[in-house]
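Enquirer: Single-letter residue listing:
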Amino acid sequence: DAGVIQSPRHEVTEMGQEVTLRCKPISGHNSLFWYRQTMMRGLELLIYFNNNVPIDDSGMPEDRFSAKMPNASFSTLKIQPSEPRDSAVYFCASSFRGPGYTDTQYFGPGTRLTVL
Amino acid sequence: AQTVTQSQPEMSVQEAETVTLSCTYDTSESDYYLFWYKQPPSRQMILVIRQEAYKQQNATENRFSVNFQKAAKSFSLKISDSQLGDAAMYFCANSGGSNYKLTFGKGTLLTVNP
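As you go down the protein sequences, you meet chains A and B in turn.
Under our numbering, the first residue of the first sequence carries the number 1, and numbering increases by one thereafter.
Under our numbering, the first residue of the second sequence carries the number 1001, and numbering increases by one thereafter.
Hints were generated in silico from the structure; no laboratory data involved.
There could be a bad hint or two in this list.
Stated by the list, open to error - Computed list of lysine-lysine pairs in DSSO-like fashion (alpha-carbon distance at most 27 Å, straight line):
1) B:Lys1101 x A:Lys24
2) B:Lys1055 x B:Lys1078
3) A:Lys68 x A:Lys24
4) A:Lys78 x A:Lys24
5) B:Lys1101 x B:Lys1073
6) A:Lys78 x B:Lys1101
7) B:Lys1101 x A:Lys68
8) B:Lys1055 x B:Lys1070
9) B:Lys1055 x B:Lys1106
Being a predicted model, the structure only gives us computed values, none of them experimental.
With the rest of the complex left out, here is chain A:
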């Protein structure tokens, strides 16, 4: 069974450009999470979707960041315009949240973003 799929694996862009990160969760999972990992701040939750609906976006740094989940099998995280301080590894994770389930989050391989 395929795990969480993220693309691209690496992205190098220049300041001011738009960046779009993509995620395909594990089939059957109803919860999706976007995290950011940096040396300074560790792993931070950016946004959480449940049944394709954004439940908590309080971790999104600012208006330059937006996320969508148009269907159960696809989500995007967009940064526009990008800044050097956005350089980080971005992870997508999915889980099944419901009675009787441990709600374990499974992570994708991450996207390493470098903004020059």
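Let chain A serve as the given structure and place chain B on it in line with the hints.
Expert: Frame of chain A; chain B shown alone:
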């Protein structure tokens, strides 16, 4: 609020030996879960083991086991017969109840010496 503390920034172990990584946590939830994730140099976050707080029995997955002390809010990971492939950053994490968020510790970097 949930907090997770890993007091050992780095640990090392000889191949085939046993090592224990420490983790303490704090949560206001009565029903919660605890996890250990491994992050090798490839940066993939890999689930190692999980523990449901309502279960008294400590979780075990092959060479990996936990010592869950609920009253002390302690959740340590024991790796037996350490292998070179176990070298990685290990993160302890907590979630549960109404709090869907995974709260991570800062990690412990494990080195395995041949």
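Enquirer: Straight-line Cα separation of lysine 78 (chain A) and lysine 1101 (chain B) no greater than 27 Å?
Expert: holds, 21 Å
Enquirer: Holds or violated: lysine 1101 (chain B) with lysine 1073 (chain B), Cα cutoff 27 Å?
Expert: holds, 18 Å
Enquirer: Starting from lysine 1055 (chain B), check that the Cα of lysine 1106 (chain B) is at most 27 Å away, please.
Expert: holds, 26 Å
Enquirer: Is the straight-line distance between the alpha-carbon of lysine 78 (chain A) and that of lysine 24 (chain A) 27 Å or less?
Expert: Between lysine 78 (chain A) and lysine 24 (chain A) the Cα gap is close to 15 Å, so the pair holds against 27 Å.
Enquirer: Holds or violated: are the alpha carbons of lysine 68 (chain A) and lysine 24 (chain A) at most 27 Å from each other?
Expert: Within the cut-off at roughly 12 Å; holds.
Enquirer: Are the Cα positions of lysine 1055 (chain B) and lysine 1078 (chain B) separated by 27 Å at most?
Expert: Distance of about 18 Å is within 27 Å: holds.
Enquirer: Under the criterion that the straight-line Cα-Cα distance not exceed 27 Å, is the pair lysine 1101 (chain B), lysine 68 (chain A) satisfied?
Expert: holds, 19 Å
Enquirer: Is the hinted pair lysine 1101 (chain B) and lysine 24 (chain A) satisfied, with a Cα-Cα distance of at most 27 Å?
Expert: With a Cα-Cα distance of about 20 Å, the restraint between lysine 1101 (chain B) and lysine 24 (chain A) holds, given a limit of 27 Å.
Enquirer: Below or equal to 27 Å on CA atoms is what counts here, so check lysine 1055 (chain B) against lysine 1070 (chain B).
Expert: holds, 10 Å
Checked against the numbered hints above, the structure breaks none of them.
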